[in-house]
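Asks: Protein chains in written order, with our numbering: chain C, 1035 to 1326; chain L, 4 to 273; chain D, 350 to 705.
These aren't lab readings, by the way, just hints derived from the structure by calculation.
Treat the numbers as computed from the prediction; the structure is a model and nothing was measured.
Mixed in with the good hints, there may be bad ones.
Unchecked claim - If you want the footprint, here are the derived chain C segments under chain D, 3+ residues with CB under 8 angstroms:
(1) 1251-1264
(2) 1304-1311
Unchecked claim - Partial list, computed: chain C residues near chain L (C-beta under 8 angstroms):
(3) 1120
(4) 1180
(5) 1202
(6) 1209
(7) 1211
(8) 1214
(9) 1216
Ideal Cβ positions, reconstructed from N, Cα and C, are used throughout, including at glycine.
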Amino acid sequence: MDFFIQLLVNGLSIGLLYGLSAMGFVMIFKSSSVLNFAHGELLAMGAFLFLVLTTWAGLPIYLAFLVTLAGSFVLGFAVERLFLRPLIGESLIFVIMLTVGLASIFKGLLLFFFGGNLHTYPEFLPAGLGVQLGNVFVPPVYVASSFIGIVFLVLFGLFFKFSPQGIFMRSVADNQTAALSLGVHVKKVFALSWAIAAMVAGMSGIVLGVINGINVHEISAIGLKVFPVVILGGLDSIGGAIIGGIIIGLLETFTCGYISPSLRDVVPYAVLVCILLVKPYGLFGLVDIERV
Amino acid sequence: MTENGNGIFLQLNNISVVYSDVIQVLKGVSLSVEKHRIVSLLGSNGAGKTTTLKAVSGLLKPENGKVTDGSISFDGAAIQNSSPEQITRKGIIQVLEGRQPFKYLTIEENLKVGTATRWTRPYKKDLDMVYDYFPALTKRRKSLAGYCSGGELQMLVMGRALMAHPRLLLLDEPSLGLAPLVVREIFRIIKRINEEQGTTIILVEQNANMALQIAHYGYVMENGKVVMEGEAHALKENPDVKEFYLGVSAGGKTRTYKDIKSYRRRKRWL
Amino acid sequence: MRRLRFHPCGNFKESYAQEITVFETDFGRFWLLVGLVLLFGVLPFVSSPYFLYVCNMIGIAAISALGLNILIGYTGLISLGHGAFFGVGAYAAAILATRLGLPFWVCVPAAGFVTALTGMVFGIPSGRLKGLYLTIATLAGQFIIEYILVHWESLTQGTMGIVLPEATLFGLVIDGDRPFFYVIFICLVLVTWMTKNIMRTRYGRAFIAIRDNDRAAEGMGIPIFPYKLLSFGISSFYAGFAGAIWAFYMISITSETFTLSLSVEYIAMVIIGGLGSIPGAIFGAVFITGLNEILRWFTDLFMNMGMATGFGLNMASLRELAFGLAIVLFILFEPKGLAEIWRIVRSNFRLWPFSY
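Chain C with its partners taken away, still in its complex shape (with noise of 0.2 angstroms):
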């Protein structure tokens, strides 16, 4: 039962994280449709980034924490101007070579200064964040990550609910064409959905990287992983892609514990062609309203 817990813990947390960055992608297919394959690397460069703020530069770690979603978010929005604004109305594969071809630069460019060996974080979440639930003890970490996520998800909802910019955005989603006839800056809300979700990626690389420690390889091995979580959240659905992600997150923990470590990184995608079988659009995907 302990064990049970345990891994329920463990998988609503780092599922929350799988949200968090599915969160990201979903927002850049839903205003652009781009399928970003450079998700991993944008994650990496967020971790690495905090990494060269912490030890190198010596920043305090809130500061840290601030300048990298700073850099992300600039990050972010470089990408789409320098590589992506070229390409509108491009084919699709086009755009998606594209951005698996961006991944490899990135991949090559942290490969190049920081090796593929393991580097961690110095330890700075206070022990006393650690929460005794019964007998199992959830480590700082955990808290640390579900709290975080937890403020990102409300502020996003706040954002895109009431905020003038979140409501153009979605309209950009929406119609692209009826968005531009009012006026809505539609080049500017693809820039800002990049931005925001680069930013949102470095955020969960951060964390990431304080519970397993950031290597190149296995940072951007989870961006291929929002693959099955947007599917079964639906691509065009941000809630989607929170609950899809913690579906992923605690099924991944308890294949990992109960069957086979082996497995754990397979069945997301066994279940995600079962899903695309049966529900082509994800679970949670808009039933497009057709009305003619």
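Starting from the structure of chain C, add chains L and D where the hints point.
Replies: Frame of chain C, contents of chains L and D only:
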């Protein structure tokens, strides 16, 4: 904005529009619109009415179209081939054909998107104005636009455009697929908007009869050219327009299938 | 003797047969012959073993890339599982040769068919899915196959790998680079010829119709699902065929080769070469394989320079960087790929000195 007199507000000077570098749709269209007037563009399908509107609003670009020749000036400034973002900020708003709401946004959120050109300023008063013009929207304000009826959607997209405080409103077939009563309602509101807000309106319509009732001036387009123009009441009396767009034969009676074999009038402008 | 045909200066085609002719002019036929003679008669005898090895790798990659081009370039279905299919072919050949003791010439086509079946199984989602969703489904296919190759140890021997017996053909032992060169390139020529002809039949035209608009194609009476499956089947057949030859050439295979990055490499070949172009797939194979070898050479160079060993280690990572850069630059600046550059160069020659 200078409000004095009825100067020429929008001027299209001999424009040609080409899609994808190969398909020429407009072949030298000239028209001018005076301030505070309703100008109606009539013509059959494929005449180039929608393309004319899109040339004005800058929405040709996403469809790979371009104004290759001629010039468009709005309030004294050249706007041909500017981006839609710039043009909308000058006060030209197009209401697209076929009602394109944001399906997953509520009615009220849809209206808020209309403030995109000036989103830093307050919009509460504008919301009230829109609900005043379109009372039907008031009770649906919290529901998703995707589940509203056609008439409500037409009101929604027009209201959305009004939120932007347009100086020139381009309406593309507002009566498309609506019941006659709703059409009448919509046209009454268009006239009210024109009279109360002083908005200049270009109205593209298939329903020539309705359009000529509220318009001040009209153009008839065919095959990418303007073939006829005139004051609305004059157009309404023109035998050619009557025959081809109003469905009234030269004798003044409504055409019936009985005399289907009768000699069909040649279009004089061809 | 009939008159030699030259290039007309304009489009003067009068029948559909002229539209789908393989060689527009006898000039093209002549140069192709010259090329083949050079390829088979001269190249193997003048090049170093290393260069021959590179050529062989190019040939194998080209066969596989041709297959992927049928799927992506002609049918418009994006598959991220081609690397895994290549692996299925390699393992099928290895298992057939070691367990059942089948000869080389049976193993290779049989492996192709096994892979074609696998490909069709993973192509089933294409019945309901399009575009992005299908891409993700093939990505899942890649991971699932990878997992099976590593973990079905009773069949694939997992990470230990399988050692293949010697390949023999008509009683001759094929070993070393030169005999394999002949095997590979004869296969490549056959496969190219086959592809060219598939594209001239109704099947090819159906693929192209599906690519351009699958709903319209369905409306025209093309049963799109069977054709999509067929496209998956043909493309995986090519991948499996190439994988089988590769397995025999490499003698021992392990499962680590057939990762997602191999799939990405194949897509890169198709894109850099030119989507929907047969020469393009071959150009792409040359380009990517060449790039890989050049980068490896650079890395080795730095590794051997003693003091720069650390730097050389980092160079390995620059392989990723250069690879990504190549893809990105091609997409941004020449999305039609090398085939387009080749076309421009050729027509410049043809039309010289009046280039337009």
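Asks: Look at each hint and say if it fits the structure.
Replies: Hints and how they fare:
no. : hint      : verdict
1   : 1251-1264 : holds (count 3)
2   : 1304-1311 : holds (count 5)
3   : 1120      : violated (15 angstroms)
4   : 1180      : violated (29 angstroms)
5   : 1202      : holds (6 angstroms)
6   : 1209      : holds (5 angstroms)
7   : 1211      : holds (6 angstroms)
8   : 1214      : holds (5 angstroms)
9   : 1216      : holds (5 angstroms)
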